[in-house]
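A.B. asks: Heads up: the protein sequence lines correspond to chains B and E, in order.
If you're matching positions, the first sequence starts at 1 in my numbering and goes up one per residue.
If you're matching positions, the second sequence starts at 1 in my numbering and goes up one per residue.
Treat the hints with care, as some may be off.
[What the hints assert, rightly or not] Derived coverage of chain B by chain E (criterion: at least 3 residues anywhere in the stretch with Cβ under 8 Å from a Cβ of chain E; other residues may be distant): (1) 1 to 10; (2) 23 to 29; (3) 78 to 84; (4) 110 to 120.
Quick caveat, the hints were computed from the structure, so don't treat them as lab data.
Think of the CB as a built atom: it goes at the ideal place given N, C-alpha and C, for glycine as much as any other residue.
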Amino acid sequence: MSVRRVTAAIVALAAVGMVRIVWLHFASEPAHEPRRMPIDQHYQALRSLVHGAEAGYVSDLPAAVRLGEDPATRGTRMYLQAQFALAPVVLRYDDAQATVVIASVADPAGLAELLRQRSLELVAEAGPGLALARPR
Amino acid sequence: MSAVAIALIGAGLVAAGFPRRATDGVERAYRAAAAVALGTGAWSATYAAWRLAFGEAGAAKDICLAVVGVALLFGCRRRKTEEALPRHEPAPRWLWAVFALACAVAAAAFVEHTFRFPDGGWDAWMIWNLRARFLVRAADFRSAFSPELSFLAHQDYPWLLPGAVAQALGQLGESRVVPAAVAAVFGILTVAVVALAIARELGARWGLLGGLAVATLPCFATFASNQQSDVPLAAFLAIAAALVASARSRRELALAGFAAGLGIWTKNEGLLYAICLGVAFLWRRRDPRGALAFAAGALPCAALLVWFKLGVAPPNDLAAFSTAGSLAANAIDPLRWGELALLTLRRVVYFQDFALWVLAQTLLLWVFVRKQPASVLGTALFLACAAYGPIYALQPHRLDWIFRTSADRILIQIWPTAVLATIAALAKAVVRPSQGSPRFSQVPGSPPV
Chain B
1 MSVRRVTAAI VALAAVGMVR IVWLHFASEP AHEPRRMPID QHYQALRSLV
51 HGAEAGYVSD LPAAVRLGED PATRGTRMYL QAQFALAPVV LRYDDAQATV
101 VIASVADPAG LAELLRQRSL ELVAEAGPGL ALARPR
Chain E
1 MSAVAIALIG AGLVAAGFPR RATDGVERAY RAAAAVALGT GAWSATYAAW
51 RLAFGEAGAA KDICLAVVGV ALLFGCRRRK TEEALPRHEP APRWLWAVFA
101 LACAVAAAAF VEHTFRFPDG GWDAWMIWNL RARFLVRAAD FRSAFSPELS
151 FLAHQDYPWL LPGAVAQALG QLGESRVVPA AVAAVFGILT VAVVALAIAR
201 ELGARWGLLG GLAVATLPCF ATFASNQQSD VPLAAFLAIA AALVASARSR
251 RELALAGFAA GLGIWTKNEG LLYAICLGVA FLWRRRDPRG ALAFAAGALP
301 CAALLVWFKL GVAPPNDLAA FSTAGSLAAN AIDPLRWGEL ALLTLRRVVY
351 FQDFALWVLA QTLLLWVFVR KQPASVLGTA LFLACAAYGP IYALQPHRLD
401 WIFRTSADRI LIQIWPTAVL ATIAALAKAV VRPSQGSPRF SQVPGSPPV
């Protein structure tokens, strides 16, 4: 085994790696993976309305909260993104009895129905499918 | 003040860790890279200790850190010059060009990925930057670890990265640029540490090859831009590994222990790696005092982790969801072990994330490295990989899900250290007799494995 052969082998592996990087980031992803909107943009209006240490969180889609539940669902992502945007308010999942409750729905048309089902009263809408509510 | 504190404590730690003066530019650059990484890590770890002790951390913390740095700088002034190492063959110009191209490609991928995913990877906003936001926004920092948060927020994770991001957010203002910049710094440091650590011992050619192996692993740039703790952990582990492998004094071993300790405070896996490095050193070098120095270096951050885990953190989800029954059932389930073996084998040829690097590394291990004398780093990596077998098999989640979401991260954490160990073995095999034997990662007199 010579230095030149080892050098050539590693450079060849590096070349394959570079081609893969270029393909993924500059050909494949731009074609198939839409650019994400910053999470905060969706929750901007809500953040100015929510104060205090804790709030309830209800949704029309379930989130994974215990072992065995799929953590990659849209409902889980909505809950965790709301938590990220609204930190340091701790969002208590599925708690409709808290003083203030965040309602987040995947289908904006279902917001009123969700509030009715959970006996919540609308305080303010904060964008499509997002609202601040309180118990009736 | 924070930048001054990071610079002074980093320089002080390096002054304390290296008893002799640097002889050349490569050595100085290596020490500078280590100083930035260790300084940033110490800055964040001190922040955590300050908040655990007093609730708040202000300028006083940075002043104390800077004073300690100055004290170390003056207390550990080096009088002797580092002994000259054998001259190594310089790298050809075309190899420098390939390395520069690889860095440019990785940097471009980092920028592109950061624009495409402005909040970083899923774990960044679910865990690391969420924690940073709590730390910088909450009146009571303990709410960052509230058991009311989703278990997916992993409130039990140590918070070196969130601590660094939170401090930067607090001083520079809340902006998505801040966590991205911190991620970029750790990505650059990881490549730099590997390339320079190899170059100082084996010459520029090998250093560039090591740097290439890190920078062109396809998922490296992606993970760096994901703003998660895996690349910072990889950086601290690589510093610790490089120092352990090349240590000529116990002070260097203590500094290696400190770097491993920062890994402990970066992610739970850091504790496993620190233990594996310490055990491997004791096993291969038979130097209990050196191992003690390593452990003493790791002690401050290990103590910080214990303080956090016992005082603030809720139980780890793996522990919270496990029962004696589930552990026993998983341990004796042959299908689970078979599934784990299959998943691991499939990952070796996972071209999307690893291109051909992991396949090449596996083949090299099989046909070449295993016939070489055992090294501290090789043993440490073997121990760590062996430990992951039962960890994966016994954990309570669905095996395919947890493997799919974590295996690449573990690879990223240990890849720079694997490159350090492999390049050293390769260099030894091809070194010419006139050049002498490189000391890097070698264990004189150890039997072949």
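A.B. asks: Next, verify each hint and record whether it holds.
C.D. replies: These are the hints, each one checked on the structure:
1. For the segment 1 to 10 of chain B, the stated coverage by chain E holds: 7 residues have a C-beta nearer than 8 Å to a C-beta of that chain, and at least 3 were required.
2. With a cut-off of 8 Å between beta carbons, the segment 23 to 29 of chain B has 4 residues touching chain E; three or more are needed, and the interface restraint holds.
3. Check result for the segment 78 to 84 of chain B against chain E: holds, 5 residues qualifying (beta carbon to beta carbon below 8 Å, three or more required).
4. Coverage of a stretch by a chain is defined here by at least three residues with a beta carbon nearer than 8 Å to that chain's beta carbons; for the segment 110 to 120 of chain B and chain E the count is 0, and the condition is violated.
When held up to the earlier numbered hints, the structure conflicts with hint 4 and nothing else.
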